[in-house]
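Start from chain A and add chain B according to the hints.
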Amino acid sequence: MTLVSGWGRFPVVDSELLRPRSFEAVGEAVVTGSVARGNGRAYGDAAIGAIRTVAMTGFDRVRSFDPVTGRIRLEAGVLLSDLIDTFGPRGFLPFVVPGTRFVSVGGAIAADVHGKNHHCEGGFGRYVDSILLRTGQGETIEASREQNSDAFFATVGGMGLTGVILEATMRLRPVETGWIRERVISASDLDAAMRALDAGDSATYSVAWIDCAARGSDLGRSLIYLGEHARTGEIADGAGAFPAGKNPGLAVPVDLPSMTLNRYSIRAFNELYYRMGARRAGGGHVVSLYPYFFPLDSIADWNRIYGRRGFLQHQCVIPELGARAVLGEILDRVARRGDASFLAVLKKLGQGDGILSFPLPGYTLALDFPVKGDILNFLDEIDRLVVAAGGRLYLAKDARQSRATFEAGYPALRRFNAIRKSLDPAGTIRSKLSQRLFDEV
Amino acid sequence: MTSRKSAIVLGGSSDIGRAAARAFAKAGYDVALAGRDVAALEPDAADLRARYNVEVGLRTFDVLDTASFEGFVSGLAALPDVVISIVGLLGVQQNAESDLAHATTIMRSNYEGPSLILGLFAEKFLARGSGTIVGVSSVAGDRGRASNYVYGSAKAGFSAFLSGLRARASRGGVHVVTVKPGFVRTKMTEGMKLIGPLTVEAPVVGDAILNAVEKKTDVIYVSGKWRLVMLIIKTLPEAVFKKLKF
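Top to bottom, those sequences are chains A and B. If you're matching positions, the first sequence starts at 1 in UniProt numbering and goes up one per residue. If you're matching positions, the second sequence starts at 1 in UniProt numbering and goes up one per residue.
Chain A with its partners taken away, still in its complex shape (with noise of 0.2 Å):
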């Protein structure tokens, strides 16, 4: 056995780690208790199998790419980083990605990773148009909005339940170059925050970093980054159409004590931030993409500043209609508590695609917390707020929600259920994620 954990390395559990080396391998090795996982970037307990855990990173060749169209048939384990790299150089990017391009497309499309263009563009399934699934029950089909549409619909978003992910078709995005012609906005508190996200509506990109140790009169107060694909002209000169990407150079390279993260420095932390942020305001500039798209890669294996216990990451969403009450609430009870993470996100949704797709129209909010005291207690308080106002949990992001907290979050669970009996009437695929909240007991 092995001990796996997810980028939050919070739970850590045994469970048998496999690499097969062909698509036959894969078959083999899906026992029951099994669940595919691809890098590793899911924070909590979807990518650890019950029994066993079928790495699939080793799947990472490209099948076919139409340069013309953007149309590209993949395998799973093909990294968005490497998508990006060796096709961003040939004007295609994916059209969504994450807040980090370490996950693979067969963990993006089971997790239907949302990025800052959600409210406008949708999340990662939208532009997948088939996938080659090998089911619980043993088959390996081709599923997509027209064959085996509820296979399909079941595993955008499905965190791997329906099966393992082997190969996918996606459509990616014509770019003239790398770069983001970005706009920052400051906000002095929560209502401009949602205000000047509402404004956003009709930029590609936007998101917004809020200061979670301010409080009172500044609660809520952030910086808004709103972002444009850069035309040609638009990049300045000498600069190349596609800017090179690093690899993540600072590591931190051993677990920071934990008293590292106190509300001293956090409070300190997100000054600087906010200050540096707000001077750069107001005018566009131009940004590569890599740090537009992904600011914490730049520092591998930074999950290691919270300490060895690791750390939760509490993602929820809230409908837009009285979203604002709630969010206020939830950041007032975060800053008085004073441990949360340095920075925390806020940017809107639209309608999510897969059945169990995480998005609905309205806000969604991101906090990092390192796992200490009585910080699950805190987090089902949350939980109780965000249940009340009709909102869910990400399942990428969690460790510890309830099942009532789940099971008031995703209406169409029980739609979704049926398709993963038909998929796999044994119950083959299991994951730790499913154990504590979907499975019979």
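For each label pair, taking beta carbons as the anchor points, the in silico distance ranges come out as:
| id | chain 1 | residue 1 | chain 2 | residue 2 | range |
| --- | --- | --- | --- | --- | --- |
| 1 | B | R171 | A | P291 | 47 to 53 Å |
| 2 | A | I51 | B | G191 | 16 to 22 Å |
| 3 | A | I141 | B | S68 | 40 to 46 Å |
Residues of chain B placed beyond 10 Å of chain A at every Cβ, according to the derived structure:
| id | residue |
| --- | --- |
| 4 | S3 |
| 5 | R4 |
| 6 | A101 |
| 7 | E123 |
| 8 | A146 |
| 9 | M192 |
| 10 | D218 |
| 11 | G224 |
| 12 | L231 |
| 13 | I232 |
| 14 | I233 |
| 15 | E238 |
The set of hints was computed from the structure by calculation and includes no laboratory data. Everything numeric in this text was worked out from a predicted model, so none of it was measured. C-beta atoms are modelled at their ideal positions from N, C-alpha and C, and glycine is treated no differently.
Okay, now just chain B, sitting in the frame of chain A:
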């Protein structure tokens, strides 16, 4: 005819072979992949074509079938600019201690075959007056260890062959690179206990090979830390070394 540079990878189905092929194709080389099972190489060829829009060829090559080598080299449509031998077999040391056939296969896979085929390419390159030869050897060839000296001794022979060939060929415009990768996370090392800070992923080796070819480096340890580690190991007196559990 294309004016692009070309590289042939012997052992194209290995993890390092795939990584090297990607690095060269990304740099604009046309690539040929050679291996025992050409059908199994087809997905990798498709991958290279789709990613980098280069020409990719496939060739059957078995490192143990030395009788086929002359036909293999003369059968190539064009002599490549770069030949890279990734071929090797770790084998099982304990079995090799009593099973002569297994020991022979390890020795032939890591020394005889790679040396003979690269020697043949060297003659063709020297006749042309240009070319680069890359042999992937191993840090295990720097000193015999109790735990893998059958493999290590064959790699030592291969390293010596490459260094001799380099001395001779450099006068004729042909460059020879010796690659000592250290621990790499691949099929070959799966299940082995590797020391994290000394371990690299296959793409790092692929990029290092390309870099060495373009910069005309003679011997590369893929991770600089290995140069130091092996310097220490090589200088330990035999009386001390034989007592180490290593």
